[in-house]
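Residue numbers (the numbering used here), protein chains in the order written: chain S, 9 to 555; chain C, 20 to 101.
Note that these hints are calculated values from the structure, not bench results.
All values derive from a computational prediction rather than experimental measurement.
All C-beta atoms in this analysis are idealised placements derived from N, C-alpha and C, irrespective of residue type, glycine included.
Hints are supplied without guarantee of correctness; some may be wrong.
Here are a few chain C residues that sit away from chain S, every Cβ distance over 10 angstroms (derived from the structure) [as the list claims (entries may be wrong)]:
| id | residue |
| --- | --- |
| 1 | Gln26 |
| 2 | Arg29 |
| 3 | Asp64 |
| 4 | Arg84 |
| 5 | Gly91 |
Quick list of the computed label-pair ranges, beta carbon to beta carbon [stated by the list, open to error]:
| id | chain 1 | residue 1 | chain 2 | residue 2 | range |
| --- | --- | --- | --- | --- | --- |
| 6 | C | Tyr55 | S | Asp544 | 15 to 25 angstroms |
| 7 | S | Arg261 | C | Glu98 | 52 to 62 angstroms |
| 8 | C | Ile75 | S | Pro19 | 22 to 32 angstroms |
| 9 | S | Ala462 | C | Ile75 | 43 to 53 angstroms |
| 10 | C | Thr53 | S | Asp542 | 19 to 29 angstroms |
| 11 | C | Glu98 | S | Asp542 | 30 to 40 angstroms |
| 12 | C | Ser71 | S | Glu283 | 14 to 24 angstroms |
| 13 | S | Thr395 | C | Phe73 | 57 to 67 angstroms |
| 14 | S | Arg260 | C | Ser71 | 50 to 60 angstroms |
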Amino acid sequence: MLAPDLPEVAPVQCAAATIGEIVERLGQIYEDRPALVWASPTEELARWDGPALKAEIELLAGYLGEVHAISAGDRVAVCARNHPHVVMLDMAIMSLGAIIVPIDPQLGDNGIEELIALTRPCLVIASDRGAPGEYGRGDVVILADMVAAARRVERGAPTAAALNPDMPAAIICTSGTTARSKGVVLSHRNLAVNAEALVRLHRLNERRVHLCVLPLFHGNAFGLSMVTSLYAGVSLVMADEFSGPGIWAIVRRHRVDIVSLTPSLLRALSLRAVERSSIPTLAYAISAAAPLTVAIAAQFLDRTGVPISQGYGLSECTNFATGSGSGDLIVSPPAPGTSLTVGRAVAGCQVTIALPPEKESASLVGEVLIRGENLMLGYWDDAEATTQAVPRGWLRTGDLGYLVDDAQGAPRLHLVGRLKEIIIRNGENFAPTQIEEQLRIAMPDLDFAVAGFANDSVGEEIGLYIRAPRDGLDRAQLRLALAAMDAKRRPRIALIGRDDIPRTITGKIRRAVLGRSFAAFARTAFGAEIVLRDIDEIGSELQRTGP
Amino acid sequence: MSREIIQRLRDLLDAYRPVEGEPHGKLDENEPLTSYGIDSISLYDFICLIESDFGISIADVDFNRDNLQSLGSIAQLIERTR
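Input sequences plus hints: build the corresponding full structure.
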């Protein structure tokens, strides 16, 4: 499986090549405009202009350097909920040449310990006093205490000139939908190139206002909302969490024009209609971090009228490999069966499809490969995994997709599913997402997901899980909907339960977890009849996941 | 705070998400809903159900953690909104 021999793209010229340079420019590019606004609905509004934010970052950098002896190459874990201090701290750590390791504070003790053991930070900074007292070998400091201590004595900060763009700046821990976490090491240059590419894609400038409700410990908010906004002079309005329709109030108050969301948040926002004229400044929502289905896009546009820009990427390519810019949005509800594009390759990045040789003439679908200056330095402390993920300079994404030229002849990427999630039934390949899209047409109001499971008769069988609606499930209707499907793709067994579909924090379906719910049917030879079972009845249960 | 509203919310929560071995009729009205497996996304599913059942419309600005953290705080919000 090899990628076509493509010429490399030209290097991207960045306005700032390191986080230190981004911090250095804050005073000039923002002047007295808000660089950072804290828009928590339950806390007092706070804002910092460029010089004030720069001063706060330098204050923390000085404190970390002098009191905790943090210097270039040290790893510092930040286990915190969204807060302005986290933005200041993250930028301070990277401006020192140290390496930030953002960690989800809701992972639980075991999850946090796993990431601490993986990255071995010399200091852990946590937002909550209730957090465990000991994280592996590192010292633990409470963020608010540290900020208060830093303010008691003013200190200076090292100059940006001390940093090299190729130094590691961050380790983003992958959420691991199927395997244990890995630490993606990103350089200053990775972050700068990603920021410059997003500036060009979204035409970001000092007139834009970006709302961040996604957690900063996730690569999307870290790279797009925080680093890119501060790189571009965009006002960053930050909330502590997703507050449902509460975000419309924030949009109105702060004249937000871009909000970064995931498909599961778009779905939640579609539950209540909002008058488009009541949020006139909002140009569009960026949807990323998980696949956007046609049904969610259609429902969101129908209920809100807010256009969607869809992008695609992985932590391993910093943030985004492809995206749709302001001139290229989803502006009206797509029809069922439409294939939504995730856009074209961003500046400095190449995207291609690796086709298995035997299928080259029969199919255009293959593994998505990515190359460019946004590609990670590698996995932390795992050279073998790095070599496997990036053979010959191309990142193997594990995602299946195909490219279609648009009217201008530029290739646009369409995604089909995850390579690892493909269900091989009687030797034929089926993508769960495609089965779901087909089912969605017949069952538009149901919450469901498809997963494969090992089966002695056919190798892998197609399982369907349905979260029972509150007003009951019409099983006769369900049977009819399934019977109407193409027989090859039809799930043979449907489990019905009250638990949510297991998902990662960004809303990706954890199909390996879901597939285990069908383990009781490993030896069942399914006939033409569709089997419906309540999940409680078979003694199985879905594993709950994080928020 | 109206006991009737609290009980109606418990019934709705029972219908929305039954918890094994723990009937919602006994839930502590001040316990955060996250303790009962309601995360920040499913919370808004639940609130839409409440709006429909009580025939109210909660203002966007009232969608925040303080107002929606427990059955008790939701009941207070309903009383203010009615």
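Minimum Cβ distance from Asp64 of chain C to chain S greater than 10 angstroms, as the annotation requires | 7 angstroms, violated
Status of the given 22 to 32 angstroms range, CB of Pro19 of chain S versus CB of Ile75 of chain C = Violated, since Ile75 of chain C and Pro19 of chain S (Cβ atoms, about 57 angstroms apart) do not stay within the stated range.
Taking the beta carbons of Ala462 of chain S and Ile75 of chain C, is their distance inside 43 to 53 angstroms?
-> With a Cβ separation near 49 angstroms, Ala462 of chain S and Ile75 of chain C satisfy 43 to 53 angstroms, so the hint holds.
Confirm or reject the statement that Gly91 of chain C sits farther than 10 angstroms, beta carbon to beta carbon, from all of chain S.
-> 16 angstroms, holds
Taking 14 to 24 angstroms as the hint, is the beta-carbon distance of Ser71 of chain C and Glu283 of chain S inside that range?
-> This hint holds: roughly 19 angstroms between Cβ atoms.
If you check the beta carbons of Tyr55 of chain C and Asp544 of chain S, does the distance land in 15 to 25 angstroms?
-> Hint holds: Cβ distance 18 angstroms, inside 15 to 25 angstroms.
Should the hint that Arg261 of chain S and Glu98 of chain C are 52 to 62 angstroms apart at their CB atoms be regarded as holding?
-> Given range 52 to 62 angstroms: violated, Cβ gap about 25 angstroms.
Does the Cβ distance between Glu98 of chain C and Asp542 of chain S fall inside 30 to 40 angstroms?
-> 38 angstroms, holds
Hey, does Arg29 of chain C actually stay past 10 angstroms from chain S on C-beta?
-> 15 angstroms, holds
Beta-carbon spacing of Arg260 of chain S to Ser71 of chain C - inside the hinted bounds 50 to 60 angstroms or not = 25 angstroms, violated
Is it true that Thr53 of chain C and Asp542 of chain S lie within 19 to 29 angstroms of each other by Cβ?
-> The hinted range 19 to 29 angstroms holds for Thr53 of chain C and Asp542 of chain S, with Cβ atoms some 26 angstroms apart.
Gln26 of chain C clear of chain S by more than 10 angstroms, beta carbon to beta carbon?
-> Gln26 of chain C is indeed farther than 10 angstroms from all Cβ atoms of chain S, at 18 angstroms.
Going down the numbered hints, you'll see the structure goes against 3, 4, 7, 8, 14, while the others check out.
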